[in-house]
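Generate coordinates for the entire structure from the input sequences, incorporating the hints supplied.
Sequences listed follow chains V and Y, in order. Per the working numbering, the first sequence starts with residue 42, numbered consecutively. Per the working numbering, the second sequence starts with residue 3, numbered consecutively.
If you're looking for bench data, these hints aren't it; they were derived computationally from the structure. Backbone N, C-alpha and C define an ideal beta-carbon position, used for all residues, glycine too. Careful: at least some of the hints might be erroneous.
Said to hold, decoys possible - Quick list of simulated restraints, FRET-style, between CB atoms:
(1) Ser94(Y) <-> Asp95(V): 37 to 47 Å
(2) Lys124(V) <-> Ala11(Y): 24 to 34 Å
(3) Asn67(Y) <-> Asp79(V): 23 to 33 Å
(4) Arg153(V) <-> Ile13(Y): 20 to 30 Å
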Amino acid sequence: DGGITQSPKYLFRKEGQNVTLSCEQNLNHDAMYWYRQDPGQGLRLIYYSQIVNDFQKGDIAEGYSVSREKKESFPLTVTSAQKNPTAFYLCASSLLTGMTNTGELFFGEGSRLTVL
Amino acid sequence: QQPVQSPQAVILREGEDAVINCSSSKALYSVHWYRQKHGEAPVFLMILLKGGEQKGHEKISASFNEKKQQSSLYLTASQLSYSGTYFCGTKSNFGNEKLTFGTGTRLTIIP
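Written out as structure tokens, the structure reads:
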């Protein structure tokens with residue numbers, strides 16, 4: 042079955058440690074996204090990528106880094122520079138918007154990061 | 003900058019109608035609507051494109067006022083399954099896949 046897989050589902054880390062969240066898709070989508078979800082703040086865009094080896098900062102990129110070495114993979118690293126990393130992280134993918142494509146986002150199940 | 007949604011929360015009885023609004027300070031190319039149930043990932047409902055094209059859900063409709071940079075989602079004869087948090091997402095330009103979501107509207111349907 043096609044879809045998006047995020048791992049781990051739950052993650053605990055100590056302050057000062059970097060952590061990498063995995064996101065893999067087998068939908069053959071070109072675009073991939075990382076969003077952070079906090080209560081009352083909706084979904085905030087961290088990074089997005091429209092093509093392999095290229096990515097753009099979203100609205101809250103500080104303290105995060107990404108790579109896009111393969112079309113199907115878009116890992117997110119939460120660095121120690123991120124001041125408040127405890128949150129729910131959602132990865133998504135989509136076809137590029139076009140004449141027949143809506144650019145609909147398909148989401149993974151999310152990763153919940155807790156910093157102790 | 004995130005689109006602004008209103009209301010933040012609404013409680014309805016089954017069968018009642020609801021309207022959720024989404025407003026942006028930027029010119030828009032498209033507006034997306036998603037619903038997220040508690041503990042689940044958001045699910046696509048509908049997209050509205052500049053020029054009036056609309057694609058999506060059968061029982062949910064929406065409007066897009068390009069000049070006012072606003073969209074509204076209309077839920078008619080609400081069912082218990084409509085409960086969840088609704089998010090609008092906006093794209094400013096064709097070819098730029100950046101999708102910015104609003105803060106969400108929590109909809110609760112009671113029997």
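To see whether the hints hold, each was checked on the structure:
Taking 37 to 47 Å as the suggested C-beta distance range, the pair Ser94(Y) and Asp95(V) does not conform, at roughly 19 Å. Between Lys124(V) and Ala11(Y) the beta carbon distance is about 28 Å. The supplied range of 24 to 34 Å therefore holds. The supplied range of 23 to 33 Å is met by Asn67(Y) and Asp79(V), whose beta-carbon atoms lie about 29 Å from each other. One distance hint, 20 to 30 Å for the beta-carbon pair Arg153(V) and Ile13(Y), holds here, with the actual separation near 27 Å.
Going down the numbered hints, you'll see the structure goes against just number 1.
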